[in-house]
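Novice: Chains as they are written, first to last, in the numbering used here: chain A, 7 to 225; chain B, 236 to 495; chain C, 22 to 242.
Please keep in mind that the hints were generated in silico from the structure rather than gathered at the bench.
Remember, it's a predicted structure, so these values are computed and weren't measured experimentally.
Among the hints, erroneous ones may be present.
Said to hold, decoys possible - Examples of chain A residues toward chain C, derived with CB under 10 Å:
no.: 1; residue: Ile72
no.: 2; residue: Val76
no.: 3; residue: Ile165
no.: 4; residue: Phe205
no.: 5; residue: Ala213
As the list claims (entries may be wrong) - So, partial list: chain B residues that the calculated Cβ filter (under 10 Å) puts toward chain A:
no.: 6; residue: Arg311
no.: 7; residue: Glu312
no.: 8; residue: Arg314
no.: 9; residue: Ile317
no.: 10; residue: Ser323
no.: 11; residue: Leu326
no.: 12; residue: Lys342
no.: 13; residue: Val343
no.: 14; residue: Ser388
no.: 15; residue: Met391
Beta carbons: idealized from backbone N, C-alpha and C, even for Gly.
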Amino acid sequence: MASSGLELLWVSLPQLGKGAAQTLSISILSIAISTVGGVLYGVLRTLNSKWLNAILRVYLELFRAIPVLVWLYLLFFGLPIFFGLSLPGFWCAVLVLSLWGASEVGEVVRGALHSLPRGQREAGLSIGLNGPQLYGYVLLPQALKRMTPPTLNVYTRIIKTSSLAVLIGVVDVIKVGQQIIERTYESVLIYGALFLFFFFICYPLSAASRVLERRWTHA
Amino acid sequence: MSALIEFKGFNKFFGEQQVLNGIDLQVNTGEVIVILGPSGCGKSTLLRCLNGLEVAHSGSLNFAGRELLDKGTDWREVRQQIGMVFQSYHLFPHMKVLDNLLLGPLKVQKRDRREARDQAEALLARVGLSDKRDAFPRQLSGGQQQRIAIVRSLCMNPQVMLFDEVTAALDPEMVKEVLEVIQGLAREGMTLLIVTHEMAFARAVADRIVFMDGGRIIEQNPPEIFFTNPQTARAQQFLEKFSYVAALPQTTQIKELEPL
Amino acid sequence: MTLDYAFILSTLPAFLKAVGVTLQVGFIAIGTSLLVALLNATILVFRTPYLQRCVGLYVELARNTPLLIQLFFVYFALPALGIKISGFAAAIITMTFLGGAYLTEVLRAGVDAVPLAQLESGRSIGLSHGQLLRYVILPQAGILSLPSLFANFIFLLKETTVVSAVAVPEILYTTKSYIALYYKTYEMLAVLTLICVLLFLPLSLLLSRLERRLQHGQFGS
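Excised from the complex, chain A in its bound form:
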């Protein structure tokens, strides 16, 4: 029984590989955009601008109040109606995951910047640094260590949440798995394999996050 299972997996590898490529593409793109967006959000929120803060807060709360899957549906079914454009599932997923991810990374960055002693900002300003220099040379480098472990956790969540793309029709690794199951009825094997697929991608990230947190927290 086991050998036929492994055989099946082996034979399906190209298909699964294509699906995995979709899943990973969505994840990696979203992670990249979220990181850039998140740093931007975090920096912008630590500037003392009331209206900027308000706008960003609304953005944050919108993505917190509305679950990601709902956002996926809103974009996938709503965009055609609202703007007359129909975005393929893949790009809907990337867009939603990026926006949501950016808000999550952003809050991490904001927290990290906020936790730095206020004097660092003042000392930097006192030697004449301007905004970008202050953040680039003084604040962000110090925040980096505090930001990284939680950000890795956000990355893990982005990868896990990318699995929802199958529900808006993306032919990702789950969809491919389901197609195989339709043919072969090997649901335990395939879902088990998918389970392990995500586990072996996410676990290293979680573990790394923990290791780094322990190593870098000596306050």
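Since the structure of chain A is already known, use the hints to place chains B and C on it.
Specialist: Frame of chain A, contents of chains B and C only:
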């Protein structure tokens, strides 16, 4: 000769509370001003208004002929001329000492690296910390960090230096090494504004004592007059808090001074 | 763009029911997850060697895999082994599996934050394991964990939308069904958005306030 720095009718509020009330103060080039006063009297705030870390609400602040309370003031430029050293030194912990010193000169003033480095090294030697150039701040004592913080500001070649209770966070045995650096700067004729609680130091280094209370300047006098014969009741009450001797006019006071 | 308000009104009863299902699934999941987490926390506190590692493994497996996969596994794969499960049951089981892991981590952090000295002084006055847990550890760990616990409760409530994938009639599933039946996409999505905002936004704001309150009362960390 007009003053290098001039506050006129300067006011500042924190919300409802007025922290600076009608401040009129002139500082001439080369003067050493020590600002004394009880906690919360606004002396730190006054200093911080000079380099733009606090924003004033009304009045006038003139520096080298320019009105700093104008909307168009480039504070970056001002901060290169008016350096500040903080109570908690706030060196950049992720950089070595030398990098701390070179950040401003290289990135803000865009100076030549070799020239900036030479200056930094010379100043480090002056405060006796040449061998610490590659150390990280956390490897240094408080007194050492504070001396380096002073050097960091000096590397920008400012006209004026502000010192905000720079020895308050130090262990007592390290206070003198920092104050001696400041004394050295005073001797060289640099314009200094110092907020401190170190009375003996204030007496030794100041050209003028500015006593503040409740956001106002109560008394301004040379140290010999201020410490031996305070003109106002509040100044007397304040000085009493630092004296362990009965409040009698002391003619032998001069002997207790630190030699200049 | 004008909305068909009459239609929206007609669907309200169904949506109300859907909200009920969402809350039902959510609260049951919270409850069962909490039980699982308490069990795990007890194991962790008393540092039983073998069981401790089992808990660790469970937490890692549950936290590093998507809810959707776990759900599909329970709903589609288990029948192949002979166990037939309804969508609702699969949802509860899966969310307990996931929620239990998250809450275990929260409680573990809370317990870790209680100083070892407390355990020792409790033992030295003769408290049994149960009493130690009940009177010394859990109260202290509990207060510290409150914001995290609440945050995870909200998370579980929001994750109920995922179980729409196995036809549990919560808010997202209901929305999809009505769109498929009546093609009033715009109206249904608007209702869904409104429900989400009304349901989850207050919770999120409450959490922020809770975090702020507790920060002021806490010294250290």
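Novice: Starting from the hint list further up, note which numbers the structure goes against and sort them upward.
Specialist: Result: no hint breaks.
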